[in-house]
Amino acid sequence: MTSTAGVAPANPHETATKAPRGRKLTGYWLILPGALWLLVFFVIPFYSLLAASLFDPKGSPLTGYDMTWHFGNFVDAFDQYKGQIGRSILYAGIATLTCLVVGYVLAYAIAFKAGRWKNLMLVLVIAPFFTSFLLRTLSWKLILADDGWVVSAAQTLHLTNLLNLIGLTSTDDRLLATPFAVIAGLTYNFLPFMVLPLYASLEKVDIRLIEASGDLYASPIRGFFKVTFPLSLPGVVAGTLLTFIPAAGDYVNAQLLGSPNTRMVGNSIQNLFTSQGDYAAAGALSVILMVIIVAAVMLYVRTAGTEELV
Amino acid sequence: MRAARRWVGNHLILGLGLLILAYTFVPIAIVVLMSFNDSSKSRNVYKFQKFTTDHWLHPHGWANGIWDSVLLSISIAACATVIATVLGTLAAFALVRHRFAGRSAANVIIFLPMASPEIVMGSSLLALFVSAGYGGHLGFITILIAHIMFCLSFVIVTVKARLAGLNDNLEQAAMDLYATESQTFRRITFPLVLPGIVGAALLSFSLSFDDFIITNLNAGQRVTFPMYVYGANQRGVPMEVNVIGTAMFVISIVIVVGNEVVRRRQEKALAA
Amino acid sequence: MSQVHETGTATRAPSGPSRDLKLAQLTKEYATFTAVKALDLVVPQGKFFALLGPSGCGKTTTLRMVAGLETPTSGTIHLGDTEITYDKPYKRPVNTVFQNYALFPHLNIAKNVAFGLERRGIKDHKKQVADMLELVELTSQAHKKPTQMSGGQQQRVALARALINQPEVLLLDEPLGALDLKLRRGMQLELKRIQTEVGLTFVHVTHDQEEAMTMADTIAVMNQGVIEQMGAPNELYENPRTTFVANFLGQSNLIAGEIEGRDGDLVKVRVQGAVASIPADRAHSESGKGWLGIRPEKVLIAEAGQPIDAPGDVITGGYVTDVSFVGVSTQYMVKMPWGQELMVFEQNTGARRMLPVGTKVDISWRPEFAFLLDASQDAKAGIEED
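Chains as they are written, first to last, in our numbering: chain A, 75 to 384; chain B, 61 to 332; chain C, 118 to 503.
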């Protein structure tokens, strides 16, 4: 009630409550520190990595590296580590599929069957994160050990053939140090990353649609595949990505639960960087992994036809 | 007969779900169990041998390096949490409340760290540090930088969700009721966003405390708790680490449950 | 527009000159459309005023400009002689009841209600809050959180939270929209009672014509950013000036006609062969083509050849195409010889049996109930889609 009748401020927009003076700049100031941090320590490092992947492979951390645009690093790295790369994709793929099936059941149970226990079950899904994932992975070592419960049980029940079948490659009645152990570990560790997005999109599904589908498609199974599953697709896409990407780069499970025959690309990158000091090869291998993952994700997202990721 | 089948149909999924949940807790049970394991006879077997409460009662007698690694992890997690929560909260406000050029690009950059494999982020950072001539000085600072980097995205996303879920009618209502801009922020906006900020801080702390892959590449000679566990795996894991694992789990559960209990009690007290 | 103000119970309004709310040439443009176009409006002090219109007509934008939540592109807002066009929301003696109440979820009911007083530095407000909660009958709920209350209770809290500040103008943005029908009727009476009791100026935005007619002293019907017509509820209903008002406020039959010209106090219109006369003050066009309008309940109906109790012309040759029985009345659709279907509502007085579909009928109406509109307007304007 300060301004007198008829005298409007020179530019009404300047004093508008929605956009007060300087508000536009405030946005920049607020985001600047965080954005700078991510720019300097997340985006720029990718360029450093890319640069490292083109270093002269003859260098070492002690003598330093020369930038020689040595594209051969990629060929060498791929050639030498294609086994590990293939295993990473394969193991992560199987673990993701297993997570999808198991996680879907759990997410479905929480979303539609848990009633008033819904929140408690959700807390229980993330509760394993409350303790160290390395310790949890080590626990699997105990469970799957040669003289552990699972193997002994199989032996008492004379199911060792089944055991060898599960172990995929081994024929010596063991689970630990087999591909199975590595995949089981990956599945276990990344399951919550699958369950949470699945739950988030299942929870949005209107229960009445499912009832209506029960009305329209006599069998509940057909109803599920015609109605519920398509509606939960955004969750499926988000969940599989959040599981597959970290699983493909993981090396802890392969290291703790596997054998030299089950090493994944992460193990190689880690070794090249820390033990062998071969930054050029390590950089090249990292770039290859990233490119494969980005290509796989784009292909997958395009096939699944979902764009609401970010 | 049909009723029986329907009952099974209704409870089958729930039963399976509970079974899956139970499975996710088996390794935790083993961590707890192993914290009472007396493995003094043979260090090389990760196997339950004899019950003892020594690890819990005599933390002074723990194997070398455990406490150092735990303290290092706690101090890094604390610093990373404070910095990431502050920076991330500011950024979340910018993204939800302000329109500016480059906003969608910023959203993508924030999303990417959550979708990149840790090994790639870790090796990129290492490449940066090395090329900046910092390769010989890896340690507390470099670990902290890395942890703030990956915690930031999670903080921004968590606080953003809370802010976006906030009805902006509430702030308008406050202004309509004679609250100035700063009073509106203090009395309405901040208290309503606070649970999101606290949640983001807790998440940051646990992500930082538990991180291994990125840390391992950028830690130099320093050893965090996860690095200690990983390293000990080759020599034989001392059972004392399970005490830490169990304590972490119990403390987290107490925080979550305590939070819920306090909230419900407040609600009840107010309703009475 | 000065007027005597006798009910100024507790307002902070300075006594003396009127504190009418005046909007002059108020305009709000967005990047892609104009929400409010050069609006001129005077809301007399102490009145219950309704802004009625379909969604997107600009009524909420107008309200938000008065509240200070939206800045006008041009034009002015005055409260009495004080200009408030660009004042911050917290500087205006105006309070709002928001559409979804916007109660602060982290504060209990008493604190929600006390919020405005506290911001203005009034510390000792216990009694005022208690009185206000009593007025809205929520005394026992003072320590509950908003989420623990029903929609109707939340609505009353929102009202109390605004009223306690004794604003000069109280703005209500579709305040009853989220309530179910029965509760809404109850709250309408309640709001009207409170307004009479406190004597404040209420500006009520709604798309519900029945709600506006029940409560308001004056209604302004808004459409596409402009006010189509303003007046007392019965005035608007009985004598609409545009097809939009005729259709949006109740229902109307609009029959195309040729205006023959004025004859004293009457305007003659040739409608499908017959000549109808319309009182001049109800004729909003005096030449060319026109729409003759008549409300369905004003149309009288009888079986063909039976006498109709009306002095007007009888139009013959229709037949019933649809009958719905709605208790107090029976609603007929009657197909006329020129192909148009007219609505006829007849009171169920029991004087005559219901006419079945297919019955040949004659219709008529008293000339003084008809109105005449300019034919350049769309006859379907304001008819709600569902």
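Because the hints were derived from the structure by calculation, they are not lab data.
Hints may contain errors.
[What the hints assert, rightly or not] Which chain C residues face chain B? A few, computed with CB under 7 Å, are given here:
1. Tyr147
2. Thr190
3. Tyr203
4. Pro210
5. Asn212
6. Phe215
7. Ala219
8. His223
9. Arg236
10. Gly238
11. Ile239
12. Lys240
13. Ala419
[To be verified] Lysine to aspartate or glutamate pairs mimicking DMTMM-like chemistry, simulated, CA-CA at most 25 Å apart:
14. B:Lys110 with A:Asp220
15. C:Lys205 with B:Asp228
16. C:Lys208 with C:Glu254
Even for Gly, the Cβ is constructed at its ideal location relative to N, Cα and C.
Against the structure, the hints:
A distance limit of 7 Å between C-beta atoms decides the matter here; for tyrosine 147 of chain C the minimum to chain B is near 14 Å, and the interface restraint is violated. Contact between threonine 190 of chain C and chain B, as hinted, is not supported at the beta carbon level, the nearest pair being about 19 Å apart and thus beyond 7 Å. Hint status for tyrosine 203 of chain C relative to chain B: violated, with the closest Cβ pair at about 14 Å, above 7 Å. A least Cβ separation of about 10 Å between proline 210 of chain C and chain B goes past the 7 Å threshold, and the interface hint is therefore violated.
Because the beta carbon of asparagine 212 of chain C sits about 6 Å from the nearest beta carbon in chain B, less than 7 Å, this interface hint is met. Contact between phenylalanine 215 of chain C and chain B, as hinted, is supported at the beta carbon level, the nearest pair being about 5 Å apart and thus within 7 Å. Below 7 Å, beta-carbon pairs count as interface contacts, and alanine 219 of chain C has one with chain B at about 4 Å; its hint therefore holds. Among the interface hints, the one on histidine 223 of chain C holds; its C-beta lies about 5 Å from the nearest C-beta in chain B, closer than the 7 Å criterion.
Contact between arginine 236 of chain C and chain B, as hinted, is supported at the beta carbon level, the nearest pair being about 4 Å apart and thus within 7 Å. Taking 7 Å as the C-beta contact cut-off toward chain B, the hint placing glycine 238 of chain C at the interface is violated, the least distance being around 9 Å. At about 10 Å, the closest approach between the beta carbon of isoleucine 239 of chain C and any beta carbon in chain B exceeds 7 Å, and the interface hint on this residue is violated. Below 7 Å, beta-carbon pairs count as interface contacts, and lysine 240 of chain C has none with chain B, the closest being about 14 Å; its hint is therefore violated.
Of the supplied interface hints, the one on alanine 419 of chain C is violated, with its beta-carbon coming no nearer than about 55 Å to a beta-carbon of chain B, more than 7 Å. Proposed proximity of lysine 110 of chain B and aspartate 220 of chain A is supported: the alpha carbons are some 19 Å apart, at most 25 Å. The suggested pairing of lysine 205 of chain C with aspartate 228 of chain B holds, with an alpha-carbon distance near 17 Å, which does not exceed 25 Å. Between lysine 208 of chain C and glutamate 254 of chain C the alpha-carbon distance is near 29 Å, which puts this suggested pair outside the 25 Å criterion.
Going through the hint list in order, the structure does not satisfy hints 1, 2, 3, 4, 10, 11, 12, 13 and 16.
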